[in-house]
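Q: Chain by chain, the residues:
Number of protein chains: 2
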Amino acid sequence: MKNLIIASTSTLHNGSYLEYLLPELEIHFKEASTILFIPYARPSGISHDEYTTKVREAFTKIGKKVKGIHEFENPKEAVNNAEGIFTGGGNTFLLVSELYRNEIIDTLEKKIKNGTPYLGTSAGSNICGLTIGTTNDMPIIYPPSFRTLGMVPFNINPHYLDPDTNSTHMGETRETRINEFHKFNPQPVIGLREGSWLDVKENKIILKGNLTARWFVVGKTPIELEPETNIFEIL
Amino acid sequence: MKNLIIASTSTLHNGSYLEYLLPELEIHFKEASTILFIPYARPSGISHDEYTTKVREAFTKIGKKVKGIHEFENPKEAVNNAEGIFTGGGNTFLLVSELYRNEIIDTLEKKIKNGTPYLGTSAGSNICGLTIGTTNDMPIIYPPSFRTLGMVPFNINPHYLDPDTNSTHMGETRETRINEFHKFNPQPVIGLREGSWLDVKENKIILKGNLTARWFVVGKTPIELEPETNIFEIL
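Protein chains in written order, with numbering that gives the first Met the number 0: chain A, 0 to 234; chain B, 0 to 234.
None of these hints come from the bench; they were simulated from the model.
Being a predicted model, the structure only gives us computed values, none of them experimental.
Be a bit skeptical, because a hint or two may be false.
Unchecked claim - Each pair of labels, with its calculated beta carbon distance range: (1) A:P226 to B:P162: 54 to 60 Å; (2) B:M0 to A:T52: 37 to 43 Å; (3) B:V216 to A:S46: 57 to 63 Å; (4) B:P143 to A:G14: 40 to 46 Å; (5) B:G114 to A:K112: 34 to 40 Å; (6) A:S43 to B:E76: 44 to 50 Å; (7) A:V216 to B:V216: 49 to 55 Å; (8) B:P221 to A:E232: 46 to 52 Å; (9) A:S43 to B:F231: 29 to 35 Å; (10) A:Y141 to B:E30: 47 to 53 Å; (11) B:I205 to A:P185: 41 to 47 Å; (12) B:E18 to A:I26: 54 to 60 Å; (13) B:T175 to A:E82: 29 to 35 Å.
Unchecked claim - Among chain B residues calculated to face chain A with C-beta under 10 Å, some are: (14) S9; (15) N101; (16) I104; (17) G132.
Said to hold, decoys possible - Partial selection, computed: residues in chain A whose CB lies under 8 Å from chain B: (18) T10; (19) M137; (20) D161; (21) N165; (22) M169; (23) F180.
Note that CB positions come from ideal geometry on N, CA and C, so glycine has one too.
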């Protein structure tokens with residue numbers, strides 16, 4: 000049975016890394032003593048080691064050990080043996096390129112489908128959708144494909160931002176960009192605001208946190224989903 | 000001799016389409032009676048025809064005819080016969096995919112290098128750099144390559160935005176994203192604010208408009224370039 004937490008962000012304004020999620024993570028990873036961390040997205044270009052140290056500090060607070068996937072000789076084996084998996088944020092194009100280069104995308108997919116608890120934040124959440132087509136990141140590296148894990152049958156836009164009605168900036172809003180996505184892609188898109196996450200347990204995809212999320216379906220006006228909505232039921 | 004205007008945006012806040020550039024465009028395209036318009040980037044998903052109509056309205060004000068490249072049977076011939084070329088904004092991934100699909104990327108490159116006056120705005124400017132690696136757009140379609148026209152020996156970030164110091168949003172700033180780009184790509188990046196453009200004439204790449212532009216070089220602190228800087232001289 001699938002068991003994922005797919006979070007918009009790792010960190011809330013004025014909060015520390017993963018802080019707001021720790022009570023959830025204690026339950027989510029209760030059977031795991033060690034978390035396998037996938038640091039490939041390298042936010043601000045930090046190294047795999049630096050990133051893993053940061054994650055280790057957070058998980059120590061709930062009594063979990065953390066091993067970076069880069070510490071293993073065989074990443075595929077590391078995934079297959081994991082008790083729990085966390086993929087952190089950063090650059091989505093880099094993350095996806097590394098998942099393909101290390102040939103673990105299918106392994107990850109199977110492992111998570113078989114019930115290993117997974118946490119994603121930001122880029123690590125974006126890859127839980129069907130493709131990276133709704134990432135906010137710059138294409139700093141050319142990945143072999145935009146296809147990702149497909150743990151939910153739609154696409155995810157993390158760090159979703161509402162249009163700033165006071166702005167004089169003429170660049171596209173997030174909503175305009177998602178509408179452009181929908182000219183070429185059939186799947187729904189969820190705009191997850193910071194502080195929201197999806198709790199996925201087989202045929203339940205529950206919106207968590209205090210905020211509504213924005214739900215985009217081709218040819219329809221976007222709607223706001225209330226917390227505790229089971230998205231599986233509106234598909 | 001190369002002759003390009005590479006503008007951050009087509010439209011300023013409270014202005015109409017191309018309005019602020021029209022006096023420049025009158026000089027830039029003085030030898031051209033008809034402009035070939037490339038509408039492939041389809042902002043908000045509008046059709047090639049709708050987009051071309053919008054552009055035609057603007058160019059009528061300076062006495063120019065406009066033909067959309069999609070109106071020609073052979074897009075390569077259309078490029079080769081053009082007196083002046085304009086590529087508008089929209090989605091960069093879509094634009095680049097269409098340039099490759101219609102096999103005109105090399106034709107465009109040669110044609111512009113031979114001196115045909117070119118105007119780009121937003122996505123149409125981004126493609127004047129070495130790659131699309133610093134676009135702000137979502138990857139709504141998988142292009143065969145990220146390589147673009149290379150009319151300037153660096154990358155372009157249109158609609159450049161300074162970090163909003165009052166923001167509580169935890170998504171990456173534009174500067175952070177460009178720094179991530181620089182972990183994997185050697186070329187400089189120019190952050191062109193709305194209202195700025197580059198005037199390219201062979202070995203002169205002059206920053207135009209009233210604003211400074213932000214200049215990012217690997218391993219160095221970004222600097223602000225003053226209007227009228229010849230970027231060719233600081234490369």
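Q: Give a verdict on every hint.
A: Quick rundown of the hints versus the structure:
no.: 1; hint: A:P226 to B:P162: 54 to 60 Å; result: violated, 30 Å
no.: 2; hint: B:M0 to A:T52: 37 to 43 Å; result: violated, 54 Å
no.: 3; hint: B:V216 to A:S46: 57 to 63 Å; result: violated, 21 Å
no.: 4; hint: B:P143 to A:G14: 40 to 46 Å; result: holds, 42 Å
no.: 5; hint: B:G114 to A:K112: 34 to 40 Å; result: violated, 58 Å
no.: 6; hint: A:S43 to B:E76: 44 to 50 Å; result: holds, 47 Å
no.: 7; hint: A:V216 to B:V216: 49 to 55 Å; result: violated, 44 Å
no.: 8; hint: B:P221 to A:E232: 46 to 52 Å; result: holds, 48 Å
no.: 9; hint: A:S43 to B:F231: 29 to 35 Å; result: holds, 30 Å
no.: 10; hint: A:Y141 to B:E30: 47 to 53 Å; result: violated, 38 Å
no.: 11; hint: B:I205 to A:P185: 41 to 47 Å; result: holds, 45 Å
no.: 12; hint: B:E18 to A:I26: 54 to 60 Å; result: holds, 57 Å
no.: 13; hint: B:T175 to A:E82: 29 to 35 Å; result: holds, 32 Å
no.: 14; hint: S9; result: holds, 8 Å
no.: 15; hint: N101; result: violated, 16 Å
no.: 16; hint: I104; result: violated, 15 Å
no.: 17; hint: G132; result: holds, 5 Å
no.: 18; hint: T10; result: holds, 5 Å
no.: 19; hint: M137; result: holds, 5 Å
no.: 20; hint: D161; result: violated, 10 Å
no.: 21; hint: N165; result: violated, 11 Å
no.: 22; hint: M169; result: holds, 5 Å
no.: 23; hint: F180; result: holds, 4 Å
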